[in-house]
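Letter by letter, the chains look like this.
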Amino acid sequence: MAIIRVNPTRMELTRLKKRLVVARRGHKLLKDKRDELMRQFLDLVRKNKELREKVEEMLMKVHSNFLIARAVMSSEILEEALMFPKQKVSLEVSTKNVMSVDVPVLDFKTQSDDQSNIYPYGFANTSGELDGAIATLSEVLPHMLELAQMEKSAQLLAEEIEKTRRRVNALEYVLIPQLTETIKYITMKLDENERGNLTRLMKVKDMMIEQARQAMAH
Amino acid sequence: MYKIGVIGDKDSILGFKALGLSVFPVTQPSEAEKVLHELVKEQYAVVYITEQIAKDIVKTIDLYKDNRLPAIIPIPGNQGVLGIGMCGVKKSVERAVGADILFRDE
Numbered sequence: 000m001a002i003i004r005v006n007p008t009r010m011e012l013t014r015l016k017k018r019l020v021v022a023r024r025g026h027k028l029l030k031d032k033r034d035e036l037m038r039q040f041l042d043l044v045r046k047n048k049e050l051r052e053k054v055e056e057m058l059m060k061v062h063s064n065f066l067i068a069r070a071v072m073s074s075e076i077l078e079e080a081l082m083f084p085k086q087k088v089s090l091e092v093s094t095k096n097v098m099s100v101d102v103p104v105l106d107f108k109t110q111s112d113d114q115s116n117i118y119p120y121g122f123a124n125t126s127g128e129l130d131g132a133i134a135t136l137s138e139v140l141p142h143m144l145e146l147a148q149m150e151k152s153a154q155l156l157a158e159e160i161e162k163t164r165r166r167v168n169a170l171e172y173v174l175i176p177q178l179t180e181t182i183k184y185i186t187m188k189l190d191e192n193e194r195g196n197l198t199r200l201m202k203v204k205d206m207m208i209e210q211a212r213q214a215m216a217h
Numbered sequence: 000m001y002k003i004g005v006i007g008d009k010d011s012i013l014g015f016k017a018l019g020l021s022v023f024p025v026t027q028p029s030e031a032e033k034v035l036h037e038l039v040k041e042q043y044a045v046v047y048i049t050e051q052i053a054k055d056i057v058k059t060i061d062l063y064k065d066n067r068l069p070a071i072i073p074i075p076g077n078q079g080v081l082g083i084g085m086c087g088v089k090k091s092v093e094r095a096v097g098a099d100i101l102f103r104d105e
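Chains as they are written, first to last, in numbering that gives the first Met the number 0: chain A, 0 to 217; chain B, 0 to 105.
If you're looking for bench data, these hints aren't it; they were derived computationally from the structure.
Since we're looking at a predicted model, the values are computed, not measured.
Here are the simulated DSS-like cross-link-like pairs (lysine-lysine), alpha carbons at most 25 Å apart as the crow flies:
hint, chain 1, residue 1, chain 2, residue 2
1, A, K32, B, K64
2, A, K162, B, K58
3, A, K53, B, K64
4, A, K32, B, K90
5, A, K48, B, K64
6, A, K87, B, K40
7, A, K87, B, K9
8, B, K89, A, K30
9, B, K58, B, K89
10, B, K9, A, K60
11, A, K108, B, K2
12, A, K48, B, K90
13, A, K162, B, K64
14, B, K2, A, K95
15, B, K89, A, K46
16, A, K17, A, K183
17, A, K48, B, K54
18, B, K89, A, K53
19, B, K90, A, K53
20, B, K2, A, K87
21, B, K64, A, K46
22, B, K54, A, K53
23, B, K90, A, K46
24, B, K16, A, K108
25, B, K64, A, K95
26, A, K53, B, K9
27, B, K89, A, K162
Based on the sequences and whatever the hints tell you, model everything.
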């Protein structure tokens, strides 16, 4: 592991030790965040899968109903019947904070609450199949919106998990080893200096004693 | 006040009009791309795209994946389920976990 190029001084050592403490703490926090995000994501995505299966199945039913309706009626009449929608959907979007990820929460309101009053056409020249198709479709819509909300949340969470994981790994495998290596290098260098100094002092002392002895002899 | 849009071939999406959603019938992928770009700029919170159209403009859809809005959701058209929607779920699992752990058994 490469070490950071720094001057091996005591000041640098204290600085690096502080950085290491911060890095370790950050690593722990990010790791917790990642684990929690992952747990929530897996919950969400499992539900998402089930819901999607359900919605896809329901939509296929709607399509087959429409197919029959189109077979019974001419396409002009069908188009004319659906030309001016009576129902209006208004959508409110708020956000929910899931582990510091802003996920959208969709809240929709239909203009008329009456389920039997959603057909934008008179019943005279349309077939009953069309009614059935529209009715099932209006049943699917809440599920479709839920699906949209869930799927978007899953995408956003996935992105956040990817980012967090990258940060955790960068700290764990790059920054923290680098800091520990550098700290070790500086301590060893300082110790070595210390030993060098001690030996030098002992040598000087020996020389001074020798000189004093010679002076006494004369 | 946000809106909901539906993009796809005319026959698949006609019914959504009756429910008060904004419907954009398209035939060509390039046309769909143009419509999608416009919808993103306007106040659309959810855009549903039929899988038949979505399969040709996956790149454009991915472009808006990390934005908070709109949520671009593939739905099956009248020609059956192509599995693109499921594939999207699978992709986000792979992105988050690194491996596919939900669809292993299929």
